[in-house]
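Number of protein chains: 2
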Amino acid sequence: MRIVATMLILCATAIAQAQTPAPKPTLADVLKASQPSDWRPLDPARTLYLDLPAGRVVIELHPKIAPNHVANILSLAKEGWFDGTAVIRSHDNYVAQWGDPTEKKAVKTAKRKLEGEFTTPVGKDFAFDKLPDADGYAPEVGFSSSFPVGRDAKAGTAWLAHCYGAVGVGRGNETNSGDGTSLYAVTGHAPRHLDRNITVVGRVVQGMPLLSSLPRGTGNLGFYEKPEQQVPIKSVRIAADVPAAERISLEVLRTDTATFTKAVEALRNRGGDWFKVPAGYIELCNVQVPVRVVAK
Amino acid sequence: MRIVATMLILCATAIAQAQTPAPKPTLADVLKASQPSDWRPLDPARTLYLDLPAGRVVIELHPKIAPNHVANILSLAKEGWFDGTAVIRSHDNYVAQWGDPTEKKAVKTAKRKLEGEFTTPVGKDFAFDKLPDADGYAPEVGFSSSFPVGRDAKAGTAWLAHCYGAVGVGRGNETNSGDGTSLYAVTGHAPRHLDRNITVVGRVVQGMPLLSSLPRGTGNLGFYEKPEQQVPIKSVRIAADVPAAERISLEVLRTDTATFTKAVEALRNRGGDWFKVPAGYIELCNVQVPVRVVAK
Chain A
398 MRIVATMLIL CATAIAQAQT PAPKPTLADV LKASQPSDWR PLDPARTLYL DLPAGRVVIE
458 LHPKIAPNHV ANILSLAKEG WFDGTAVIRS HDNYVAQWGD PTEKKAVKTA KRKLEGEFTT
518 PVGKDFAFDK LPDADGYAPE VGFSSSFPVG RDAKAGTAWL AHCYGAVGVG RGNETNSGDG
578 TSLYAVTGHA PRHLDRNITV VGRVVQGMPL LSSLPRGTGN LGFYEKPEQQ VPIKSVRIAA
638 DVPAAERISL EVLRTDTATF TKAVEALRNR GGDWFKVPAG YIELCNVQVP VRVVAK
Chain B
398 MRIVATMLIL CATAIAQAQT PAPKPTLADV LKASQPSDWR PLDPARTLYL DLPAGRVVIE
458 LHPKIAPNHV ANILSLAKEG WFDGTAVIRS HDNYVAQWGD PTEKKAVKTA KRKLEGEFTT
518 PVGKDFAFDK LPDADGYAPE VGFSSSFPVG RDAKAGTAWL AHCYGAVGVG RGNETNSGDG
578 TSLYAVTGHA PRHLDRNITV VGRVVQGMPL LSSLPRGTGN LGFYEKPEQQ VPIKSVRIAA
638 DVPAAERISL EVLRTDTATF TKAVEALRNR GGDWFKVPAG YIELCNVQVP VRVVAK
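Respectively, the protein sequence lines represent chains A and B. So for the first sequence, the working numbering puts the first residue at 398; every next one is plus one. So for the second sequence, the working numbering puts the first residue at 398; every next one is plus one.
Note that these hints are calculated values from the structure, not bench results.
Same chains, same names: a pair is fine if it fits in one copy or spans any two.
Here are the computed lysine-lysine pairs in the DSSO-like style, where the Cα-Cα straight-line distance is at most 30 Å:
1. K510 - K551
2. K527 - K673
3. K510 - K421
4. K508 - K673
5. K673 - K421
6. K461 - K673
7. K510 - K673
8. K673 - K551
9. K551 - K461
Take the sequences, apply the hints, and build the full model.
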């Protein structure tokens with residue numbers, strides 16, 4: 398009888414476990430289980446420190462997209478061109494933008510007026526971690542070096558998507574009217590209609606609230622009407638040029654790993670006790686690629 | 398010879414005009430050409446004035462969606478329950494949330510703990526202005542009384558989408574743990590994964606910067622850690638209960654008109670001199686239904 402009873406208990410347990418699906422992991426679960434190799438440090442050679450009176454905004458520039466503009470922005474930072482410029486615009490549900498309010502500041506070594514790099518030619522070797530979920534603004538979307546991107550495989554081009562925190566190059570009507578002297582960051586709902594219409598070079602990886610909580614400008618398009626409303630920029634420096642002791646040690650989750658695939662699934666179908674209806678879908682800009690501070 | 402010359406000039410002109418497509422209208426063009434009947438006033442009986450020290454946030458509640466929660470929030474406003482509560486949370490790229498920091502304030506006539514209205518049963522008579530563009534978070538999307546909505550025709554349900562400015566009912570893990578005493582507004586990229594997981598009752602139609610530019614809370618999930626960081630709420634009143642001279646006269650663009658269809662197309666394929674590549678697609682939350690102030 399004891400053997401039969403034991404077997405019945407074992408069977409009942411097995412049935413109960415089979416009927417109770419394993420709990421869906423949350424993003425926090427996935428990140429907790431991640432390995433060091435799932436993360437990569439920022440590349441200091443293409444990381445900018447935008448220092449405002451209230452603190453530091455850290456911006457990472459893409460290694461392959463919009464190379465001429467990335468190079469020019471690094472040039473501008475190296476010659477200290479941004480120092481003493483200002484945040485000139487804060488447009489609700491759109492962008493914060495910074496640049497030279499006088500529009501007269503001379504550039505020393507960097508170039509003026511680059512031909513737009515609204516898309517960048519890429520080949521089959523382009524690091525593209527596809528997101529299978531459909532997207533209305535691009536033939537394909539995914540991630541490249543942890544940045545959200547759109548890709549047109551037929552045209553052989555890719556571009557950074559205008560997700561929250563995306564950093565782009567302000568321009569006028571002419572396609573060659575931008576050069577990096579005026580940059581913006583997306584501070585509202587992702588304006589994906591801007592994709593392929595303007596050069597996007599990177600994204601904010603830390604310090605976003607310093608831009609997103611700025612008072613909104615009262616002028617047209619959110620420009621600050623009075624000089625005293627503009628937020629002065631102390632400096633923009635390349636992290637590699639900053640003494641190591643002053644740098645911030647940040648890591649970004651890599652997007653070419655099994656861990657990242659699990660992270661995306663944890664966002665596509667959310668676990669935990671709070672969610673009741675899984676979406677079964679994740680939109681590109683709803684994947685906020687995690688960044689973490691590394692203890693020194 | 399003169400007749401031939403004239404005919405040649407006329408032909409050349411006709412050919413030139415045939416080859417130059419009519420310029421695409423911008424949203425501004427469409428709104429400029431709109432008729433008074435393309436707009437509707439806010440319904441003061443379901444419009445809330447959330448008065449903060451820095452100014453007024455105007456919230457419109459939907460006439461049909463989440464009726465029990467809308468009624469309860471109107472009850473709470475009528476009994477002055479919100480007066481002296483506060484904005485308790487400002488979470489970057491997510492929400493601002495307000496409620497009673499003490500969590501002890503008694504409710505007089507309104508109800509506590511309503512069963513969630515994460516979706517609302519709707520029939521064929523539900524005012525639904527479909528947006529033909531595909532959406533990953535709902536079987537169909539569109540507009541209802543100028544609010545962005547998702548609809549599941551098979552299930553016979555609809556819900557307000559979590560676009561920027563959407564106002565929803567804070568809850569805990571249990572589906573009946575919300576009642577309107579804590580509300581939130583979306584202040585970042587639209588968290589559409591929240592759709593059908595929480596009761597959404599309306600949207601901010603004016604004053605959004607008063608919420609979106611609030612300093613971010615330093616506590617977990619953006620909660621303000623210190624009481625002095627919370628933003629006091631002077632009052633929340635129903636517009637209909639406010640003397641006419643104190644009301645703000647606002648109109649919203651109707652979403653069931655030919656003008657609205659033109660407005661959406663002007664966003665789907667943007668006109669003007671700045672855009673170079675039309676998207677050919679518009680995402681639900683990228684349609685910001687216009688609101689305008691009416692001169693008294």
